[in-house]
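Q: Each chain, written out:
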Amino acid sequence: MSELRFEGVTVRFGTGGRALTAVDGVDLTIPSGQVVGLVGESGSGKSTLARAAVGLAEPSAGQILLDGVPLRQRAGQRRPLQMVFQDPYSSLDPRMTIGDSIAEAVPRSAQVNRRREVGRLLELVGLDAERAAAYPGALSGGQRQRVAIARALAGRPDVLIADEITSALDVSIQGTVLNLVRSLQRELQLSMLFISHNLAVVRYVSDLIAVMYLGRIVEVGPAHQVLSDPQHPYTKELLAAAPRRGTTSLPPSDPTVADAEPADPHHPPAGCHFHPRCPIGPLVRTDREHCLTIDPTTDADRRVHNTACHHAASALQTVSQ
Amino acid sequence: MRARWISVLRTPVGAGAGVLLLGVLLLAVLAPLLWSDQASAIDTEHLLEGSSAKHWLGTDNLGRDIFYRVLVASRTSILLALLATLIAVVAGLALGCASVLLGRRAGRLTTAVVNIAVAFPGLLLALFFAVVFGVGAKGAVLAIGFAGAPSFARLTQTLVAGVAERDFVAAARIAGVGRFRILLRHILPNIAEPLVVNATIGAGGTLLAFAGLSFLGLGVQPPAYDWGRLMGESLNGIYVHPAAALAPGVAVVIAGLAFNLFGEAVAKGFGVPAMVGPRLRDRPAETMPAETDDDEAVLVVKDLYVSFPGPITPVRGISFTIGKGEIVGVVGESGSGKSLTALAVAQLIEPPGQVRAAELSFLGAPLLGRLAVRSTAAARRRLLGTSFAMVFQDPMTSFNPTKRIGPQLAEGAREHQGLNRRQAMARAIDRLRAVRVPAAERRARQYPHEFSGGMRQRAMIGMGLMGTPALIVADEPTTALDVTVQRQVLRLLETIRTEDDVAVLLISHDITVVAQVCGRVLVMYAGRIVEDLPASELATGARHPYTRALLAAVPDLETPLDEPLAVIAGRPVDPALLPSGCAFAARCEFAEDRCRAEDPSLVSHGPDHQVACWNPQGTAAWQARYLGTESIRTGQR
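Protein chains in written order, with this note's numbering: chain A, 5 to 325; chain B, 89 to 725.
Pulled out of the complex, with its shape left as it was, chain A reads as follows (with noise of 0.2 Å):
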């Protein structure tokens, strides 16, 4: 039952010229005990938010608190975040049993008994106890990835971030993967960072959603208000974008914009970074000039769900209404 806040958390990689800045001043807070969902294309920095909040990455500004205390003070001590990785073949060392693997992951602090809370743990994931003595190499990927969150769970986190835990997983399998992610968190009360690429998949298990492009936080808010109301044009992309039950044709999109290039993050646009695909911004309609140049992030407190568009409704508005 923790926290977790970012705080104008930057992280950029390189020097000079080819200076990469991944995660560009986010600011998002995963309350206690709830799941927030996290948005976005591939390169949007997800990933990068997510290793600096274990400390695989260095952010170079802003910080990361967890109950309001920095993160980096207890460096040293047990790892009150724990993470999951994508690909259960990688992260998981192949030449030692999953008992060793989960059994490394419990605190020394903890006065257990390792071999009995490797057990639990296993038993926790909806593994056999008697597993624990099986190499990876006899697990099939689900079971791989439920070793990989029970690993994740005997470090006794505060909070859980799952990094695209099921994109590497056949749609059979990814199912039985996500019930036990929302079962396990409702029964330990976990908070979480859930991040994925597919919206439908963060639906089913966040309570908030928060949607990156290009480094930045664009929108964020309860699941359902973002997916029922929508505000920045990338969301709505996304949105269209998603499966629906029975679709047999696919869903249209503004020819104008849809074969724009993504943006190159090594040089992200100026102004918004939305703006070169953006179907209501500049390419659209002449007279939005100020999407090239006025950075929409800064007051973007001003408006439903933190949106960094200058064209989405106003906070004060809503209330008002």
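Incorrect hints may have been included.
Unchecked claim - Only part of the chain B face toward chain A is listed, based on derived beta-carbon distances under 8 Å:
id	residue
1	R261
2	T485
3	P489
4	M513
5	A514
6	D518
7	A522
8	L578
As the list claims (entries may be wrong) - Mimicking SDA-like on lysine to any residue, the simulated pairs with C-alpha atoms at most 25 Å apart in a straight line are:
id	chain 1	residue 1	chain 2	residue 2
9	B	K356	A	G141
10	A	K240	B	E438
11	B	K491	A	P269
12	A	K240	B	V571
13	A	K240	A	E45
14	B	K356	B	L174
15	B	K412	B	S422
16	A	K240	B	S540
17	B	K226	B	G266
18	A	K240	A	D71
19	A	K240	B	V341
20	B	K142	B	L174
21	A	K240	B	T572
22	A	K240	B	D598
23	A	K240	B	R579
24	A	K240	B	L115
25	B	K142	B	F155
26	A	K240	B	E582
27	B	K356	B	I289
28	B	K412	B	I400
29	B	K412	B	H693
30	A	K240	B	G541
31	B	K356	B	V341
Said to hold, decoys possible - Here are the in silico distance ranges between beta carbons for each label pair:
id	chain 1	residue 1	chain 2	residue 2	range
32	B	I204	A	D268	33 to 39 Å
33	B	I204	A	R190	53 to 59 Å
34	A	R306	B	P652	26 to 32 Å
Source of the hints: derived by calculation from the structure; they are not laboratory data. Using N, Cα and C, we set each Cβ at its ideal position, and we do this for glycine too.
Please build the complex by placing chain B on the supplied structure of chain A, with the hints as guidance.
A: Just chain B now, kept in the frame of chain A:
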């Protein structure tokens, strides 16, 4: 692990080298115990003699028997060589792993040091160190050891960098495991094999280097002796008593070969997983003359089998026809054989894989069997080169990264259509425009890495459009792309189909993608088509329990949030252990005894609809039996 060592020793080279190495090591251990008296016995009556019955290889200037001295010297030579190798490995490991232990900045410094050290020739370093550490066995061991360290350090660095990138190392770091423990528990076990192999090969080289230093008088000093020194001592008399100088040389060669060959054999055994299993018999495919019952058919596949040694048969007798301008989707889980089907159609299955079919013909021309042999290979290549296009899953690897996009597109047109360079390039730019790559002229001059994933996939489709394709086979073309880009690529395929009347075979694991784009859907499970139906019927009229379960398992924006997601219990069948009955029976909630005993074949259920199931769902008979069972609708358990 043990099985691989045994398989190494089973190869002729491995067995020979193993025996040789064992012999050399045994000699090194036993020779001084057995023969040191004979080797040091001074026979003043026979000084500097040639070979005789008493002294096989003659005697040295003190009348000592050279044969025994060569045997006894094996211990010193091999022991010192191994010591030097040990120093090289330990120093190399320490330098190579420094980046893990010391953090980024200090790690970068050690990398720079290793880079500089590697640039010097080994022998130069050895001589340099030999001078620094002084003349003598100890000095030589240190010199050769440290001279060999940089190359080991480089190897270790490369291997460590590969493993340290992996997620399990990141996971261990997040779990709070210290750097040293990560190195010991996660990194070293995963790089041990190549290191051991290289150390073995390195030992052979060290042996030779040591003999060289001793030969020059920088190594072992009298009264001790090793092979190098024996060679040096006998060199003056090489024209009188050649055997005395050659024998230690031969010993160095044999011991060096033993180490090298063994290392090579192990490296080969561990590097390339050997294909085990009986070889498939070469059975020429029985191909019937193409029946011209359907002029519109672009691709006719009848009873297609793809098999690999094992023997396993991941594609088991599938048949379908694709008409002109038709877009057909193939869906299934990984391992269902859908990609192999695509590769078989494209003639891209490499030996030892084998493709068999009663008929496999493209635009009326057979691609398999005796009839295909009759039409020349060149003609077939031209047909495939101009009328057939393939789009692969990973746009990152499907272009040659060292060539510009335009010339890569133009290459095929110059080969198959006889265009000159300028014409081909103009066509390439035109085609890039056709697949809506913005600023086509400029982009044609760019390299693949300057293209985003979606643009690269467009360029790949553009490459297929260089000719006048009748069929595009797209194997998971959008899986590696983002949802918004995915839609653009799918729409592009759809446009090409309608404008140019091109047939498309779209392979995907995502049933919603297939439903959106395709006219007809083939559902594959365990190498068979289990259902063949119009895409419009997919949502409501699917008959096979697998198709229904697959549809139910995909969450969408209307999935109820208060229920668990539908899942398909169990796991896909192993193609090596196929059950006798229906392959899906073990995961099917409607399975009966008949399903487990007999394999259902694909039978017609209404127009354009075929199902391979004993209990097709949604039929009148089925409704009578299961009406009111709630779980059927959602496919849940």
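Q: Would you pick out the hints that fail for this structure and give their numbers low to high?
A: 2, 3, 4, 5, 6, 7, 10, 15, 17, 18, 19, 20, 24, 28 and 34
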